[in-house]
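For the record, the sequence lines run as chains A and B. Heads up, the first sequence stops at 501 in numbering that gives the first Met the number 0, and the numbers go up one at a time, no gaps. Heads up, the second sequence stops at 341 in numbering that gives the first Met the number 0, and the numbers go up one at a time, no gaps.
Hints should not be assumed to be uniformly reliable.
What the hints assert, rightly or not - Simulated restraints on C-beta separations:
hint : chain 1 : residue 1 : chain 2 : residue 2 : range
1    : B       : Gly17     : A       : Val238    : 34 to 40 Å
2    : A       : Ile314    : B       : Arg236    : 46 to 52 Å
3    : A       : Pro14     : B       : Arg236    : 42 to 48 Å
4    : B       : Ser143    : A       : Ala358    : 34 to 40 Å
5    : A       : Ile73     : B       : Gly17     : 35 to 41 Å
6    : B       : Ile128    : A       : Thr136    : 37 to 43 Å
7    : B       : Arg236    : A       : Gly447    : 31 to 37 Å
Stated by the list, open to error - Computed cross-link-like contacts, BS3-like style, restricted to lysine-lysine with a CA-CA straight-line distance of at most 30 Å:
hint : chain 1 : residue 1 : chain 2 : residue 2
8    : A       : Lys17     : B       : Lys288
9    : A       : Lys27     : A       : Lys175
10   : A       : Lys177    : A       : Lys188
11   : A       : Lys186    : B       : Lys20
12   : B       : Lys20     : A       : Lys370
13   : A       : Lys252    : A       : Lys415
14   : B       : Lys288    : A       : Lys370
For the record, the hints were derived by calculation from the structure and aren't laboratory data. Think of the CB as a built atom: it goes at the ideal place given N, C-alpha and C, for glycine as much as any other residue.
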Amino acid sequence: MTAKLHMQGVTKVFPGVKALDDVSISVKSGEVLGLVGVNGAGKSTLMNVLGGIYRPDGGHIEIDGRRVDFARPIDADAAGIAFIHQELLYFPSLTVAENMFISHLPTGKLPFSVDKRAARARAQASLDQLGSGIRPTARMESLSVGEMQVVEIARAVAMGADIVIFDEPSSSLSIKEKEALFNIVRKLKAEGKAVIYISHFLDEIQELCDRYVVLRNGQLVGSGDIAEVTHDQIVEMIVGQVVTERAARTRRKGGAPMLSLEGIRREGILDGASLELREGEVLGLWGLMGSGRTELIRSVLGLDPMDGGRITLAIDGDSREVSHDELLERTAYVTESRRTDGLFLDEAIWKNISSTTLADYARGRMRVLDKAAEAGTARSMIDRLKIMTPDHHTQAAILSGGNQQKVVFAKWLNRKPDILILDEPTRGVDVSSKGEIGELVGALAEAGTSVLLVTSEIEEMVALADRVLVLRDGMIAAEMLGEDITETALMAAALRTEAAHA
Amino acid sequence: MVGEMVDTSQTYVPRDSGVLKLWHWLRSHPALLPVVLSVVMALVFALTVPNFADLRNIMNIFGQLGFLGFLCIGMTYVMVAGGIDLSSYTVVSAAAVVGATVMVATDSTVPGCLLMLVIGLAFGTINGIAIAYLRMVPFIVTLSTMVLAEGFAIWFTQAQSVYGLPYAFIDIFSARILPMTWGISARPVGIPVAGIAVLVAALILGFVLSRTLYGRRVYLTGANEETARISGIRVRRIKFSTYVLAGLMAAITAMILTADLGTATTAMVRDVRLMDIIAATVIGGASLKGGKGSILGSMFGLLFLTMLSNAFNLLGVSPFIAMVIKGTVLVAVIGLDVLRAK
Chain A
0 MTAKLHMQGV TKVFPGVKAL DDVSISVKSG EVLGLVGVNG AGKSTLMNVL GGIYRPDGGH
60 IEIDGRRVDF ARPIDADAAG IAFIHQELLY FPSLTVAENM FISHLPTGKL PFSVDKRAAR
120 ARAQASLDQL GSGIRPTARM ESLSVGEMQV VEIARAVAMG ADIVIFDEPS SSLSIKEKEA
180 LFNIVRKLKA EGKAVIYISH FLDEIQELCD RYVVLRNGQL VGSGDIAEVT HDQIVEMIVG
240 QVVTERAART RRKGGAPMLS LEGIRREGIL DGASLELREG EVLGLWGLMG SGRTELIRSV
300 LGLDPMDGGR ITLAIDGDSR EVSHDELLER TAYVTESRRT DGLFLDEAIW KNISSTTLAD
360 YARGRMRVLD KAAEAGTARS MIDRLKIMTP DHHTQAAILS GGNQQKVVFA KWLNRKPDIL
420 ILDEPTRGVD VSSKGEIGEL VGALAEAGTS VLLVTSEIEE MVALADRVLV LRDGMIAAEM
480 LGEDITETAL MAAALRTEAA HA
Chain B
0 MVGEMVDTSQ TYVPRDSGVL KLWHWLRSHP ALLPVVLSVV MALVFALTVP NFADLRNIMN
60 IFGQLGFLGF LCIGMTYVMV AGGIDLSSYT VVSAAAVVGA TVMVATDSTV PGCLLMLVIG
120 LAFGTINGIA IAYLRMVPFI VTLSTMVLAE GFAIWFTQAQ SVYGLPYAFI DIFSARILPM
180 TWGISARPVG IPVAGIAVLV AALILGFVLS RTLYGRRVYL TGANEETARI SGIRVRRIKF
240 STYVLAGLMA AITAMILTAD LGTATTAMVR DVRLMDIIAA TVIGGASLKG GKGSILGSMF
300 GLLFLTMLSN AFNLLGVSPF IAMVIKGTVL VAVIGLDVLR AK
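Chain A with its partners taken away, still in its complex shape:
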């Protein structure tokens, strides 16, 4: 059987960079191909060539054995290629059906009119095909991220796409939504679609894909049947060096109480959550999206409303009740979305790094900023965290995801915080940066920093947390200690939550 899609010897050169170097891949109908590699390995470039966004400088694309040439994205569209992007594009105030057919709305009898009934019926048909219960008349903004993604997949199905590309589809989904997504991918496969699945999560690749392709520095460094390769072998190909086995580590006990929250309430979201964060420990907050993890943090820091509860903080060994602002000033908070509220994207790296401790650089009565000192701090942070950048004047926006996240860490470490709150600290971050960030968090806890960790990545939780609190319906439902923190236990805790909702 010939491949449904074949990319032959694709090369793409950007000024000074060979982003793709003679890369060939192919996918058959009814097959799922896993595409992996660190950020910057060339995955997105390859997919942009396939999507008609870039023209290759060498090589070509074949569909059903025939050579095709995509000059524009619409050509790829017409050839039956659909992309499900990591960041979804949609019109929040329009309905699901309208979003699905935004470019191909069925026309009515009158000129310029739209046959809404036909659009609804077709939307319903493709949603049914995916086994989804989403109503075509629902407003897009009322859906969860996972549901929006389903709509996007349904749209691809409705457009008759038979090559579907998923670009890190699971990174913002809850566990339950991930399972639904996997089922849909399997369904597409059963229907004979050719699927390319891009992900940082090797577990997902191993679970979903038939074959894999690994890119590194724009070159294809490995490919084959997923059944014939181990997790560690893939990691080795991705990183390009042998990764050391994860050493079994002892979980830290933690010292004196640093921060305690008592009965934190927020109407409809938090229902009296209490916790105690100790000195020198990594405390994990585990729970489904919507269980109140991020909401708890934001309310306590005064970024969202808080309807009740007490915040007690140890300041110089003295515990006392503090205001939101006082806590915010003493806390480092790596938010879950660095582009929205973690970085000043248009600003230089050095301005980002000094932003949390600006007053320390103010000199004299005029409070003039010492730019040389700011630049010095930035340069030492760039060295310390191995941020890959030409210099400290570089705009944060043009760094890769992993390096952007390191800048976020740098700006908080600069404050030498007692409390470090991490919300999805490695989302959209490549494997090697992920490892470095993990080591950094461990070292900080070792040095006495109190770390509060929120993550949806089960491996990360097991690897980093010393103690885990399970959050359910805005309350702390369980605590896990030491040896009890295992992937199975965490999964079970999350699934219990799911059962309670069902």
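Start from chain A and add chain B according to the hints.
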């Protein structure tokens, strides 16, 4: 697309091309554009427009900067912090008519000036509270206070001009110092105090914005309010302060204009001038999205527009043609800003 930009940038290759270097330098120094525009414009006009380079005319232009300069400084602060203030020019009228009326009634300068300050600051405070603390949209809030201030001024004066101001007041604010002669000019020409005042204010407030702790906080608030807030910057306080500063600038403008005109009226600053203020600030590098702009840039943006009007005036060209050209330049500059952002 965005993901792709992130991807390729990991292999950092220094960009050596001279054109690219120039481009990047221009990008990081947006205040350069109005400076270059102004210098070129000044040279062209000096060579082509009769009397343009005359000392009297130069001092005339310098003095005119005093009328809109303070408002431009206020607008720059507000825009850098991510807002906009449409109300400043009618606040000038409101402050001027009340202050002038009191001056006429008391025949003394100080109470009237204080009242102008109070009214300017009051409008700034209203804008600031509504926008920073009640989280209302800057455009709508200041559009409302613009109408409010204008309505108030007309009601207060019954649409009549206020005459008979104390000479002491007029003498202070419309004075010219250091009379000197230049070439064949018969009468000595002095430097207008209004121009000096705006120059001093621009130097001080430009320094504050570009070099101090407060200034950086203004920039970061405008660059990304959420990030700034989480980074520990009290963004509400910062935004509030910029509107109060804009109100103060309006009050100072009220004093200078009232003295220069010898009268206070409800339409001292015409509405087309609002466009000049915003245009000067945007030409100077400010962005409606916030986080960008500088006092230096805004001042040269204003100088550029003032010279344009002045030259057209000298040439006897219709001021409406000047408006057409200003509008065109503004659109071109905004277009350039979009290109620069890429």
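Hint by hint, here is what the structure shows:
no., hint, in the structure
1, Gly17(B) to Val238(A): 34 to 40 Å, "holds (39 Å)"
2, Ile314(A) to Arg236(B): 46 to 52 Å, "violated (23 Å)"
3, Pro14(A) to Arg236(B): 42 to 48 Å, "holds (44 Å)"
4, Ser143(B) to Ala358(A): 34 to 40 Å, "holds (36 Å)"
5, Ile73(A) to Gly17(B): 35 to 41 Å, "holds (37 Å)"
6, Ile128(B) to Thr136(A): 37 to 43 Å, "holds (42 Å)"
7, Arg236(B) to Gly447(A): 31 to 37 Å, "holds (33 Å)"
8, Lys17(A) to Lys288(B), "violated (35 Å)"
9, Lys27(A) to Lys175(A), "holds (29 Å)"
10, Lys177(A) to Lys188(A), "holds (17 Å)"
11, Lys186(A) to Lys20(B), "violated (52 Å)"
12, Lys20(B) to Lys370(A), "holds (23 Å)"
13, Lys252(A) to Lys415(A), "holds (21 Å)"
14, Lys288(B) to Lys370(A), "holds (25 Å)"
Comparing the model with each earlier hint shows violations of hints 2, 8 and 11; every other hint is respected.
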